[in-house]
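> Those protein sequence lines, which keep their order, are chains W and U. Counting in this note's numbering, the first sequence runs from 81 upward without gaps. Counting in this note's numbering, the second sequence runs from 81 upward without gaps.
Treat the hints loosely; a few may be bogus.
The list treats identical chains as interchangeable, and a pair is accepted whether it falls inside one copy or across any two copies.
[Said to hold, decoys possible] Taking lysine-lysine pairs in the DSSO-like style, the calculated list, with each CA pair at most 30 angstroms apart, reads: (1) Lys133 to Lys268; (2) Lys285 to Lys138; (3) Lys390 to Lys133; (4) Lys285 to Lys229; (5) Lys390 to Lys258; (6) Lys97 to Lys226; (7) Lys390 to Lys140; (8) Lys206 to Lys138; (9) Lys473 to Lys549; (10) Lys202 to Lys229; (11) Lys412 to Lys203; (12) Lys104 to Lys331; (13) Lys319 to Lys250.
Note that these hints are calculated values from the structure, not bench results.
Number of protein chains: 2
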Amino acid sequence: MEKKNSEITSRDVDFAKWYTDIIKAADLVDYSSVKGSMIIRPYGYAIWESIVKVLDNKFKETGHVNVQMPMFIPESLLNLEKEHVEGFAPEVAWVTMGGETPLEERMCIRPTSETLFCDHYKKIIKSYRDLPLLYNQWCTIVRWEKTTKPFLRSREILWQEGHTMHATEKEAREETLKMLNVYEDFQKNYLAIPVITGKKTDKEKFAGAEETYTIEAMMYDGVALQNGTSHYFGQGFAKAFDIKFLNKDNKLEYPYQTSWGVTTRMIGAIIMVHGDDYGLVLPPNIAPIKVNIIPIKNDEAVLDAIKYFKDALTSNDITYNVDTTDKTPGFKFAESEVKGYPIRLEIGPRDLQNNQVTLVRRDTREKIVVEKSDALNRIKELLIEIQHNLYNKALERRNSMLYNNVSTYEELKDIAENKSGFALVDWCGNVECEEHIKDDLGLKSRCIPFDLQETSGNCIVCGKRATTKIYFGRQY
Amino acid sequence: MEKKNSEITSRDVDFAKWYTDIIKAADLVDYSSVKGSMIIRPYGYAIWESIVKVLDNKFKETGHVNVQMPMFIPESLLNLEKEHVEGFAPEVAWVTMGGETPLEERMCIRPTSETLFCDHYKKIIKSYRDLPLLYNQWCTIVRWEKTTKPFLRSREILWQEGHTMHATEKEAREETLKMLNVYEDFQKNYLAIPVITGKKTDKEKFAGAEETYTIEAMMYDGVALQNGTSHYFGQGFAKAFDIKFLNKDNKLEYPYQTSWGVTTRMIGAIIMVHGDDYGLVLPPNIAPIKVNIIPIKNDEAVLDAIKYFKDALTSNDITYNVDTTDKTPGFKFAESEVKGYPIRLEIGPRDLQNNQVTLVRRDTREKIVVEKSDALNRIKELLIEIQHNLYNKALERRNSMLYNNVSTYEELKDIAENKSGFALVDWCGNVECEEHIKDDLGLKSRCIPFDLQETSGNCIVCGKRATTKIYFGRQY
Numbered sequence: 081m082e083k084k085n086s087e088i089t090s091r092d093v094d095f096a097k098w099y100t101d102i103i104k105a106a107d108l109v110d111y112s113s114v115k116g117s118m119i120i121r122p123y124g125y126a127i128w129e130s131i132v133k134v135l136d137n138k139f140k141e142t143g144h145v146n147v148q149m150p151m152f153i154p155e156s157l158l159n160l161e162k163e164h165v166e167g168f169a170p171e172v173a174w175v176t177m178g179g180e181t182p183l184e185e186r187m188c189i190r191p192t193s194e195t196l197f198c199d200h201y202k203k204i205i206k207s208y209r210d211l212p213l214l215y216n217q218w219c220t221i222v223r224w225e226k227t228t229k230p231f232l233r234s235r236e237i238l239w240q241e242g243h244t245m246h247a248t249e250k251e252a253r254e255e256t257l258k259m260l261n262v263y264e265d266f267q268k269n270y271l272a273i274p275v276i277t278g279k280k281t282d283k284e285k286f287a288g289a290e291e292t293y294t295i296e297a298m299m300y301d302g303v304a305l306q307n308g309t310s311h312y313f314g315q316g317f318a319k320a321f322d323i324k325f326l327n328k329d330n331k332l333e334y335p336y337q338t339s340w341g342v343t344t345r346m347i348g349a350i351i352m353v354h355g356d357d358y359g360l361v362l363p364p365n366i367a368p369i370k371v372n373i374i375p376i377k378n379d380e381a382v383l384d385a386i387k388y389f390k391d392a393l394t395s396n397d398i399t400y401n402v403d404t405t406d407k408t409p410g411f412k413f414a415e416s417e418v419k420g421y422p423i424r425l426e427i428g429p430r431d432l433q434n435n436q437v438t439l440v441r442r443d444t445r446e447k448i449v450v451e452k453s454d455a456l457n458r459i460k461e462l463l464i465e466i467q468h469n470l471y472n473k474a475l476e477r478r479n480s481m482l483y484n485n486v487s488t489y490e491e492l493k494d495i496a497e498n499k500s501g502f503a504l505v506d507w508c509g510n511v512e513c514e515e516h517i518k519d520d521l522g523l524k525s526r527c528i529p530f531d532l533q534e535t536s537g538n539c540i541v542c543g544k545r546a547t548t549k550i551y552f553g554r555q556y
Numbered sequence: 081m082e083k084k085n086s087e088i089t090s091r092d093v094d095f096a097k098w099y100t101d102i103i104k105a106a107d108l109v110d111y112s113s114v115k116g117s118m119i120i121r122p123y124g125y126a127i128w129e130s131i132v133k134v135l136d137n138k139f140k141e142t143g144h145v146n147v148q149m150p151m152f153i154p155e156s157l158l159n160l161e162k163e164h165v166e167g168f169a170p171e172v173a174w175v176t177m178g179g180e181t182p183l184e185e186r187m188c189i190r191p192t193s194e195t196l197f198c199d200h201y202k203k204i205i206k207s208y209r210d211l212p213l214l215y216n217q218w219c220t221i222v223r224w225e226k227t228t229k230p231f232l233r234s235r236e237i238l239w240q241e242g243h244t245m246h247a248t249e250k251e252a253r254e255e256t257l258k259m260l261n262v263y264e265d266f267q268k269n270y271l272a273i274p275v276i277t278g279k280k281t282d283k284e285k286f287a288g289a290e291e292t293y294t295i296e297a298m299m300y301d302g303v304a305l306q307n308g309t310s311h312y313f314g315q316g317f318a319k320a321f322d323i324k325f326l327n328k329d330n331k332l333e334y335p336y337q338t339s340w341g342v343t344t345r346m347i348g349a350i351i352m353v354h355g356d357d358y359g360l361v362l363p364p365n366i367a368p369i370k371v372n373i374i375p376i377k378n379d380e381a382v383l384d385a386i387k388y389f390k391d392a393l394t395s396n397d398i399t400y401n402v403d404t405t406d407k408t409p410g411f412k413f414a415e416s417e418v419k420g421y422p423i424r425l426e427i428g429p430r431d432l433q434n435n436q437v438t439l440v441r442r443d444t445r446e447k448i449v450v451e452k453s454d455a456l457n458r459i460k461e462l463l464i465e466i467q468h469n470l471y472n473k474a475l476e477r478r479n480s481m482l483y484n485n486v487s488t489y490e491e492l493k494d495i496a497e498n499k500s501g502f503a504l505v506d507w508c509g510n511v512e513c514e515e516h517i518k519d520d521l522g523l524k525s526r527c528i529p530f531d532l533q534e535t536s537g538n539c540i541v542c543g544k545r546a547t548t549k550i551y552f553g554r555q556y
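Extracted from the complex, chain W is given alone in its bound form (with noise of 0.2 angstroms):
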């Protein structure tokens, strides 16, 4: 009973003992006794949920359909891509013994699910009618990491991984596109977090991928979140594989494959994009309670004012939440805040008998005292309003810590000791100068935008002729 926003550090003071107050203020998340990873919270779970729900709609809506494979790889099955089992196998955890019998081949618990799915197309590809396949699965995988954190890794990660099977290249790699583009329009639109798109570097693809394209989101901070990733496979895991269909011409070919991803690491995101210092602050479109009542007083007109708007909203599809605690009013503003409900609906005796109740956005915790009759069409308002405005802050706060003119190594420098954000820099391509960067300044390659590539200058680190221009940032 003793939650107060004084149980969390300011965010400008401290920022990751910030993410921490607010994950444990708001119910999020708990340790567990298994160390790195998390016990997921009701009200953390239904932030999944929901975002669950829009994006499954999304991938069915685009042909997808939803399989479930295996959680176990067996070693055997892991090592047939080269470099997929070099990426992986040291981060992954290993089943020995089943009861108390040793295991003749060890099996890891899936870290993605590349292997598996090609396992199973091996089998059920056989000709051109067969293809497109566009499967998708909504499960755990476990990576073991060293140091982890509360939705940004962790040893257990909840996600999707979608896996395709294509014809043609060129259908392939329109698919790695497309569903890159759902997953920006889902940032936008229900999380209201902007995002970089573009291409990584060979050094940051995915393990396996011919190419990996990012949505690349920027935290309060300027530090970099990867939020989502889609690879271009080409034929390498189907020849690994010797995975065949018979195409239009009746000749034998290894078909083109994608997969791509986005985890609970976009909770981390929510946190980190739109938190304050009051607590987390939920963007309406993937809030699961967007409305939080609070009576001020349990009398008669206040219980009758209650159930009416509970009628409304329902019938308005608006989800809400009803504070029927015997908490004060204080303490119950304070835990509303914490929980970042987009708005507060305040009815008290004294408004009432004016017919009115109060409003208060979560965005700008501005009150505002509305007729009753006109408080739902109010209410409407203020969930697109708070929508867009969450956004438009999001994009103002990154676009001022983007630093698109960097044409000195002494200016990058600058940026990576004395500010944050991303810095856009010519690079000639080569690992090296990528490298020297990393080591020397801290900052990891974010990607190639895809609308900021062209150059005709230098490579910021060795000088020589660039081929593209690449933004460089911290990275969670």
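Given the coordinates of chain W, work out where chain U should sit on it, guided by the hints.
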């Protein structure tokens, strides 16, 4: 392209073979490279999604919220409740390596999550104000079964597990039965499966439970499938995990606990209760696709009619599929039966000339020629009729294999050796007599039925005064 009904063994000839034929022919499951783990293919997974959607709503309507616990249980945590660990330790998968490092303490993959929930409850339960906690989790669990069969018994299982904590014994007992009732209603009204509800014997109850309640379904072959269970734990786990709360009298007390679960095995039950020699038969209330539209020819009138029905079905929230492949109509009809779509809608040019279309019920295979303008209403009626008919047929068959008047051991032996189904017998309550029936006749106790347990007779094995009637039967 060679899928035909002739690939399906008759269920009266070889029921086990029929079952695996159906699963393959209807594209529900594929076997994976991981022994004992199945791949749930899109159509099989769509049935599961349909089940999850309905049940999840029912859980939420009854006040439950979803959470996500880790998939790992450290060995020391599993060991805390004595009966529980003895029941589960022999059949768990052990993770012993993280990357290239042996773990200090090995962890099993959850075979069920009581221990994880209790570990969390210990931290979050302080006062009676924190109770009840009504949690549920959708996840996969692992049990290292030696013999496996798709949906019925596999090493990895998709399920839900409810875990609740209450301030009083009365409330916890009510919860246990309330959720059993939710399961029973769901089986009846969605899966069209009649179940017998009752209590498990001490021998058959869940490891660590004080009481286990069950819903027992009977398959077409008279064999039982335990299709869901609900457990009352009393304070056993709470004591083992030292979970205490301050009650209203300000005294420390252990809370009372329940858990309840159903799994993908319900899909096995749907197959084995309703399926026939032509394939799967899905009850309309759970079928992912309710109407399968088959164009007999692709002329303009047919295409117009398809558009008309797509619009009409969509605006009535009736899911459908249009088979636009270039297969022959005969092949499409057969496939429609294999997949168990409740209604087949055949649209051909000749019918259309008379303003007619043809509906075919999957349950009775009856052909119904209707006016096109009347078809939508007829489809709506048929979906209700088929649902009822499937339940009534299943009930009738189940009742024909219930032997409720067995009074001698010889009669029971005759049923075990020459018949199939459940036999209701008088029982003294001693495990020796229960085990004798199992060892001698291969019948296991199903449950002590709520509505038929009263007796004034003598135990069918030892002849001593019976304390209850109880069902015995073979089981999957």
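> Broken hints, numbered, in rising order?
Of the numbered hints given earlier, the structure breaks none, since each of them holds.
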